[in-house]
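A.B. asks: One-letter residues, chain by chain:
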Amino acid sequence: MANGPVLLIGTRKGAWMLTGDAQRGTWRETEPMFLGHIVHHAVLDPRDHRTLLLATRTGHLGPTVFRSQDLGQTWTEASRPPAFAAGDPLERSLRAVFWLSPGHAEEAGVWYAGGSPQGLFRSEDGGDTWAPMAGWNDHPNWPAWAEWPEEGTPDGSMLHSVCIDPRDPAHLYLGLSAGGVFETVDGGSDWAPLNAGSVAAFLPDEEPEYGHDPHCIRLHPLQPDRLYQQNHCGIYRMDRPEGRWVRVGDNMPTEVGDIGFPIELHPRDPDTAWVFPMDGTDVWPRTSPDGRPAVYVTRDAGESWARRDAGLPERAWLTVKRQAMTLDDSHPVGVYFGTTSGEVWASADEGDSWNQIASHLPEIYAVEFADPVDRSS
Amino acid sequence: MKVRIPTPLRSYTDQQAVVEAEGATVDEVLVDLDRQHPGIRFRMVDEQGRLRPHMKVFVNADMVRALDTPVTDADEVTIMQALSGG
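Read top to bottom, the protein sequences are chains A and B.
Numbering of the first sequence is given in this note's numbering, commencing with residue 1 and proceeding in unit increments.
Numbering of the second sequence is given in this note's numbering, commencing with residue 1 and proceeding in unit increments.
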């Protein structure tokens, strides 16, 4: 079993791992796991460096979660996978487990799963058994927040970006595509929208209370009052308790714009974040603007952005989905992203230069950095 | 009775194409199948008791959608799925 860092790759047709050496200079591609299965997300528990969960389905079979304790050598299916309550008055059934988030550092074994439709599910035993979170799923406003039953987004609605306040395990944020950003301060019994300041340009009222389309939300672990989001309508930062999103994407070059799917935060610097812009003009190609792929980085909390494209193709029509960008915690930070055209790109110098470390994979849905060894001591 | 298992579900039956299960209705057969091969039913039937899209169940030569369709030990249940996509 590898003891170096790994990248967990989820694709439309299976999962792969890239195993790296200690210097993250060379990466080796494993044989496929769950070949032919749709893998929306694969995440290693950062608390025990051991429990690996994988959210999967096929085009025909229902959604489920598999678990591994040996970095993918053997897998066991969750004995009670995420599902809406039987007899649900809205008759919802889960199509996909779209998102996995390990719980609070002090709640060993707790995980959250986001679904499509936009249910929220919780496990307290490392992902073996899951229960629907009634405070969210059965909230009287859920049908309005989740746009039930229309589900306007092309691949179906999805709940994502479950963010946990490191100071308080009962304080969570989540994102709905579409629906907006929501917050609970009581462990999920009650929820409220948190969208002031963000735009929903696709609605008649461009600043409604909810109905927005956050693509990816991140909370900074060292400054938990600071949130960032890459939204369908721009890049935003929020500093609590003010609770208003500021469109820092307005500081991006006009010809590039501030539309994209992922956003990732430097693990030690709350002012540094990376995005991968895409073309959100006309009919929304969602490819690199003008076919010139680049990562953009801010070092001043979004006040300015710098292009980082050394090593990337001069012309390429790349798309990077919301789970498909990740960071390691090295010095300097490694940045990684996977494309829908099956390539994985890595930068060992915080985005200054890029190398392709995998290609010819199926459409990539998720890339997560994982370290099977606790190197903190 | 005999239950025929399609290839996508044989990871639950140790790759057996035909297994035995009991029940007085199709759903009871699927519940018994799940008792013997944990997890297999939820891949076919959602949490509201509905057969998932693309999943098909035949009792002998007849396709059934109603899971409360009665069956006897003399029947043969065939689980199939419509393969689609690329």
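Be aware that a few hints might be false.
Said to hold, decoys possible - Listed next, the in silico DSBU-like pairs over lysine-lysine satisfying Cα-Cα at most 35 Å (straight line):
1. B:K56 / B:K2
2. A:K13 / B:K2
3. B:K56 / A:K13
Simulated from the structure, these hints should not be mistaken for lab results.
A.B. asks: So, for every hint listed, does it hold in this structure?
C.D. replies: Checked hints:
This hinted pair checks out: K56 (chain B) and K2 (chain B) have alpha carbons roughly 16 Å apart, not beyond 35 Å. The hinted pair formed by K13 (chain A) and K2 (chain B) meets the criterion: a straight-line CA distance of about 32 Å does not exceed 35 Å. For the suggested pair K56 (chain B) and K13 (chain A), the alpha carbons sit about 23 Å apart, so the restraint of at most 35 Å is met.
Checked against the numbered hints above, the structure violates none of them.
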